[in-house]
Amino acid sequence: MEVEDLLESHGADVPMTNAFKLLCEDALPKIDKKLHQKQKSIAEKVKNELNSAKLKAKFSYKKLDYWTEFGIKHPLYHLQSAVEATTSSVADFKWQKPKNITILDRQNQNQNQKDVQIYIEIADELFGNRDFLNLTYPMKRAHFLCAVVKILSGKFEKIEFSAGGIHADDAIFPDLIVDGVKIKVFNNSCAKSKRFVPTIGNLRPATCFGNKLFENLDIATPRFNQRMLWSFLEAEIMLKIQETLKGHPTARLAISLVQNLFENRHLSIFSTVILPARVFRLISQGQITEKQEILTVLRIIFRDFVSWSIDDVEYVDPEGEDLSEDVTQEYSEHFDVNLIYDHLNIAANVTRNHMNRMKEELSTCLPLLGQVYTFDGVFIEKFPIFAQYDHYARLQVDMSHLKNLTGEFAIDAVDSSDVITHFIRDFELKIQKTMEERYEFVGIHEIEQIANSWNTSDYAASVELKTFIVGFRSTSSWKSPLTVGPPAQTDKAREFRDLWKGSSELRKFADTRICECVVWAEQPSDKVPHAILQFVLKNMYELPKSCLSWRTISDDVDAERRSAEDAAKAFAELSAVLRGLKGLPLMITNVHGISGYLRGTEPAYPSVFAAPVPPSCSDDHALPEIGKIPLFTPALTVHIKLEYSGRWGNDVEAIRRLTSSFYVKIAERLREKNLCAVPTVDQLFVLQSGIVFKIVVVHDRILSILEEGVEKLKDSGAARIESSLQGIRLAAWKKKFIAEPLLQLSLQSFSTSHKFFGSTVQLFKKWLGSKLLSGHLNDHIIELLVVAAINKKGSVEPQSTWSSFVRLLHLIATHPWPARPLIVDFGAKSWNEEERAKLEETFIKMRPILPPMVIIHEEDHLGNKFTRDHPQGIVLNRLVALAQEALRILEKQTVGEKTLDLQASLLQENLKPYDAVIELEPSAVVRKKPILERRPTKSRKIPVVELDPIDELIYQLNNNFHQVAMFFYNKYGGHKIGVMFKPQEAEVPAKISRCTFHKSVSESTLRLNKLEILENIQILGDGVVSSVNLQKS
Amino acid sequence: MDCCKKKRVKKVTKRKTEKVIHLNPDALRYLRFKIGGKYTAERHMFLKKDPSKENTLIVSNIPAFVGEEVVLAILNQFAPSEVEDSFVQRSSASDSSLSQGQLTMSIAFEKPEAVIQALALCQDVGPFTVTDFLEEPEFPSVLKDSTTLYQKLFPSEDQIQEIADTYVERYDTEQAEARKAAKRKYSQPDEDGWITVTKGKKAAKSVKLRKEDVPLMGGLNGKKKKIDLAYYTFQVKKNRQEKAQELLKKFEEDRKRIAQLKQARNFRPA
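Residue numbers (UniProt numbering), protein chains in the order written: chain A, 1 to 1033; chain B, 1 to 270.
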C-alpha cells in the first residue's frame, strides 16, 4: 500500500476494543516504586550537598591535570593541546555555587532510561563573553563536573562519567551518573542561540588538529554548533515537554509503546528526544487531546511520523518563533531532516536513510494497530540487527587510514571519533550517489561501541578505530551489472564521469539512448554491489580493500533457479499437450502441477532431469536390477481432472480399474505426440523435455462415494466415525486430494509473488538435513514456516535469501510453541480479529490433544493436519535449540571480525550426540549434490524414478524400531544416520508387553538389547548400510 | 514382502535335557538364541503361559525375518510335544505388518503339560542358532524389497487393460444382476409369496433454511413485526442489568485472553 493510501484509509481501521487497551496498559513493566523513591531522595541529597558545598579550588582552566591529585581524571584530558589554543576573559576556574538546580522527575515516560535527572545551571561568573568559541565551554563544563565529583565523592556509592549529547554518545559533553541518577550541567549565558546557526564557525579546526592544514581558515561548524546548543537548551526543552505531557497520560503511554517499537527495530535515534518532541508538537497543535483513546493517539503519532516530509523545516513548538527564510534555507542545506527548537535542530543527526527505514517500518505496522493478536509483533518482539536488512557488509575504519583525508573530515570535528563519524556520513552520501537505484535504504550501525560510561578515576577512552555494519534493503535492480548514468554529452554526464573517475563508458540502449555507463559484469550478480563499494572506498577515499568485507551468504541460487525454471517450462508444455489431447473418451479439464520442484522449493539433488537409461534396457522404461542401486530421478506429480461423466459406477475399486485403462489410453495419445509415456495401475509416467512427470487422475466421484459410506455409517448409529475404516479413508483422501493440492496451489502462487521463497525453503531444507532432521518436519510444514517468516505481520518483508532465512530461524527460536498456535496467512485473505480469537480459543481448549507444533492455515483450521505425527516434542525442542545456535553463528558472521565459512559452520553435521551411527554405502546415497550438472537426456525411455533406498531404509527403521529408538538423517547427501535409543526403554520391568528388543538381566528386569537392534539394522539394510557402530556404551 | 511364506526348515537332531524344577507358572521366561553366521549377538525370546488358555504358550520378541517355523522347531528341540495350532498374534511394527518388527506368537499344544515343560526348560537350553534350522539362510532387506516392489509396479499395458476389463466386466454383471434382483423383488412374489411395493415417485426434498433466512419468507414487504420487549419497568431494568452483565463478561473474557497472551510471551522454550 502506498503511503498516501495508508494515511487516508480511515474506513478500514480496526475499532478500539477493551482488549487492546488492556494490552497496551499491560505491555510495559510496572514501575519499581521503591527504586523511584530512592532515586528521588538521592537527587534531593545531591541538590543539598551542592547548594551547601564549599570547595577551595582556584586554578587556570587550561590546567587539565588539576584534579588528578584527588583521583579524578578530567574527561577531556586528551584534548590538552586544543585547550592551549583557546582563550577566555575568565581565565581561572573556581568553585561557585550553582545558579540553579532542577530535578526532573521523568516518571512513566521512558522505561529504559533513568527516571530522575538533575539539571545544574553553572554560575555565569565562570564564563567569559566569548567562551562559546572553540573548546572553552566544554572544558570549563567538564571542570565543573570534576568539582561536583570531588564534592560528592565519599557520600554516594557510585559516581561515574557518561557520554552526553542528544543521543548519549558524545564524550566531549559528558554527564555524571550518581547512584543511577543522571546529572547534567550547563550554562547558556555566554552566547545567544542564534550564534549557532549552521553557517557560523565556532570551532577552528586548527585548534584541534594543528595549524598546518587549516591556517587562517574560518569554516562553518554546523554539527559542533548543534552539540553546543543541545547542552545549552536540553534542560529547557525537556522540562517543557515534561510539563505538557504531565496532563496527558495516554500520550505518555503511547510514547512508551512507540519507544519500544523504535528500540526493537534499531531506530533508537528517534526514540529518546525526537518522539517526545513530536508528541509535544501534536499536543500543541491540538491533534492529540486528553480525552482520546490510546488507539487514536497511536494512530495520530504513526501517521505523523509516516507523513513527516524531509523537505520541510518543521518546528517543535508551533507557537514559538519561526526562523527567517534565509536561516531556514541554511538549515535545510546542512541537514537532511530539520525539527527546530529555537536554533537547535533536534533531528540534526537523522539521515534520509533513517527516515526511509522508519517510515517503511511504521507504515507496515500502521494498519495493524488495534489488533490484539499482532500487538506483540508490532510493539514487543525484538529483532536482531542482522535480520533488519537484506545484505550486509562490515566496515572497519582506522584513523591511520583517514590521515590523507583529515583535511576534509576534520572540519567541524573535535577528535578522531568525530572525524570517523564525518567520514561515515560522507560515505553514506557516496553510496547514495553511486548505487541509489539498487536499494531502498541503507543503514550504517556502529558495532563494538565503546562503553558509554567510565569511572571518574579513568581517562575517557580515545577512539582511533570504529567498526560498522552496513546494511542494505535491496530492490529488484540490486544485482544489475550496469550503473546507468545520464545521456552522453550533457553537464550531468561530465559530473558522472568525474564521480566514477573515468571508468564510465558510453553505451547504446535498445531505445536508442546513448548513456554514460559503468559496466561491472556481464551478468547480474551479487558481486556487483560489493565491487561498487570497494570502488568507492579505493578510488574515492584511497582506503585499503581490507577495511570492507562482505557478510551476506553468496547464495548460489542460479543453478537452483534454473532447474525450477526448466521444470516450470516443461510443465507448461506438458499441460498444453494434455489439455489439447483429442480422441479420449473424456476430455482433460484441469491440470495442476503440485510438486516442490515446480516452485523451486525442493533442492534438485542430483538434478531435476531424468538420469540416463542403461543401454541394456529394451523396454520404454527401466527397472532396477537386484543388488544394483540406480541413479535417482525425481517424478513431478501432476493432478488432472476429467470432464464429468455419470458412468463411473459406485465402487471405488471399479473407478480405480477404469482409470488405469484411462492411463493406457492417455499414454497412447501422448505417444502419438512423440512423448514417452508409461502407464501403471495408479499413475502415468511421462517424459517431457527430459523431466519425468507423474500424472494422477483425481475423481470427485470417489469423494462422494467415500462420503456416502461415512454417511451410511452415521445413519446406522455407529460412534467414533473418525476411527472407523470409512472415516479414515475419507480423511486420508480429503487430505491427499483436497487439502494438499489446495495448499500447494497457495504455496505456488506465494512463490511467484515472493522471489526468495524457493531459495529460502531450499536453504532451510539443507540446513535441517545437515542437522539430521530431514523427515522430522513435513515438507508442507517446512514451506509454511517459511511463508510465516516472510509474511510476518508487523515486519517489513525480507528481500533476500539471507534475511528470509534469518527471520525464519528467529521465528522458530522465539515462537512459544506450547502456548500459541502459529497462524500462517498467505496475505490474500486473512482472518479478522473475531475469527482469530475463535481459532486461539479452540487451540487452548484442545491443547492437551494437539501435537507439540500447531500450524494453522486456510486448509487446516485446527493446525494439526501435517504435524500430528511429527515433529515430536523432543525433536521440536532440539529444532528450537539448533535455530538459536544457528542465529548465533549468523550473528558472528555479520558482526564478527572474520568471515566464517558458512557452509562449514552453518551446514555442519554433528554426530556426537547420537548413541549409534549407521554408515551408509556411498553408492546408496543417491540424492546428493552432483559434481557435474545433469543435462536433459535425449533418450526416449523413462529411467527408474523416485527410488531412494535411504528413504526406504528410514521408513523401515522407524517402522521396526519406533518403540525403542529414533533415527536422524540428512536427506540431501548425508552419509550417516544417527540413532538415539529412547532412555525410558533402557531398563523396563519384566513384562511380555514390554519385552520387544530387550533381554533378561534378572527375574524382574529387562535391559535394552542394543546389539540385537544393531544386527537387525544391518540385516534390514543389507546393500545400503556399510556398518553400524555404537558410540557410547 | 515374502518372508511370510513358509520357510523350509531343516531337521536338527534333538538335544536331550531333562530336569525337574518348580516354577511360578505366571513368570516371564526367556529362551536364548542367535541368528548365526556373522550375526552373533545373544538375543532372548520371551515365553509366557497364556492366562486365558492353559494349553497355550505366548512367545514374544521374535524377529519377523526368523519366522514361525523356526520358533516351533526350536521349541521342539527341548520340549517335544504335539502342537495343535500356532499363529502370529501381532507385530511390533508401526504399520502392523507381520513381515516387519518383532512378532508375538501364540502356540497351542495338545496337552497343557507341554506349556509347563517348555517354560521350565527354556532358560537352561540354548543358545540356539537360527541359521542351523534354515536350509537357505537368507533374510529380506529393504533394498531387495523395494526393488521387487518397484518391478511389480509396472505391469504391461495389456495386463493393465486386461485386469481393468475383467474387473469392470464382473462389476457390470454384478450390477446388472443386482438390478434384476431388485426388479424381480418388485414384480414377482418372493419365497413367502410377498411382493415389495414402493412409492412410485420420490417426494421433493425439504428445503433447509438457515435461521437468518426464515423471517424473509413470511412478509413479502420486508417489514418486521415490532415486538415491544420491555413493557414493564422491571423488564427495562432487567434488560439493562443483563446488558451490563454481558459487557462485564466480555471484559472478563478479554482480560483472560490478554493474560493468556502475556503468559505465552513470557514463555521462552529451551
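None of these hints come from the bench; they were simulated from the model.
Positions of the beta carbon are idealized from the N, C-alpha and C atoms, including for glycine.
Any given hint might turn out to be false.
As the list claims (entries may be wrong) - Chain B is faced by these chain A residues, among others (derived, beta-carbon under 8 Å):
id : residue
1  : A19
2  : A654
3  : S660
4  : T680
5  : P816
6  : R820
7  : Q956
8  : N958
9  : N959
10 : A986
11 : E987
12 : A990
13 : I992
14 : I1019
15 : G1021
16 : S1026
Claimed, not checked - Straight-line C-alpha distance at most 27 Å; calculated BS3-like pairs for lysine-lysine:
id : chain 1 : residue 1 : chain 2 : residue 2
17 : B       : K38       : A       : K628
18 : A       : K838      : B       : K183
19 : A       : K21       : B       : K243
20 : B       : K152      : A       : K628
21 : A       : K838      : B       : K38
22 : A       : K694      : B       : K262
23 : B       : K180      : A       : K694
24 : A       : K712      : B       : K180
25 : A       : K736      : B       : K185
Consistency of the hints with the structure:
no.: 1; hint: A19; verdict: holds (4 Å)
no.: 2; hint: A654; verdict: holds (5 Å)
no.: 3; hint: S660; verdict: holds (5 Å)
no.: 4; hint: T680; verdict: holds (6 Å)
no.: 5; hint: P816; verdict: holds (4 Å)
no.: 6; hint: R820; verdict: holds (5 Å)
no.: 7; hint: Q956; verdict: holds (5 Å)
no.: 8; hint: N958; verdict: holds (7 Å)
no.: 9; hint: N959; verdict: holds (5 Å)
no.: 10; hint: A986; verdict: violated (16 Å)
no.: 11; hint: E987; verdict: violated (14 Å)
no.: 12; hint: A990; verdict: holds (5 Å)
no.: 13; hint: I992; verdict: holds (5 Å)
no.: 14; hint: I1019; verdict: holds (5 Å)
no.: 15; hint: G1021; verdict: holds (6 Å)
no.: 16; hint: S1026; verdict: violated (13 Å)
no.: 17; hint: K38(B) with K628(A); verdict: holds (23 Å)
no.: 18; hint: K838(A) with K183(B); verdict: violated (53 Å)
no.: 19; hint: K21(A) with K243(B); verdict: holds (21 Å)
no.: 20; hint: K152(B) with K628(A); verdict: holds (17 Å)
no.: 21; hint: K838(A) with K38(B); verdict: violated (61 Å)
no.: 22; hint: K694(A) with K262(B); verdict: violated (49 Å)
no.: 23; hint: K180(B) with K694(A); verdict: violated (41 Å)
no.: 24; hint: K712(A) with K180(B); verdict: holds (24 Å)
no.: 25; hint: K736(A) with K185(B); verdict: violated (41 Å)
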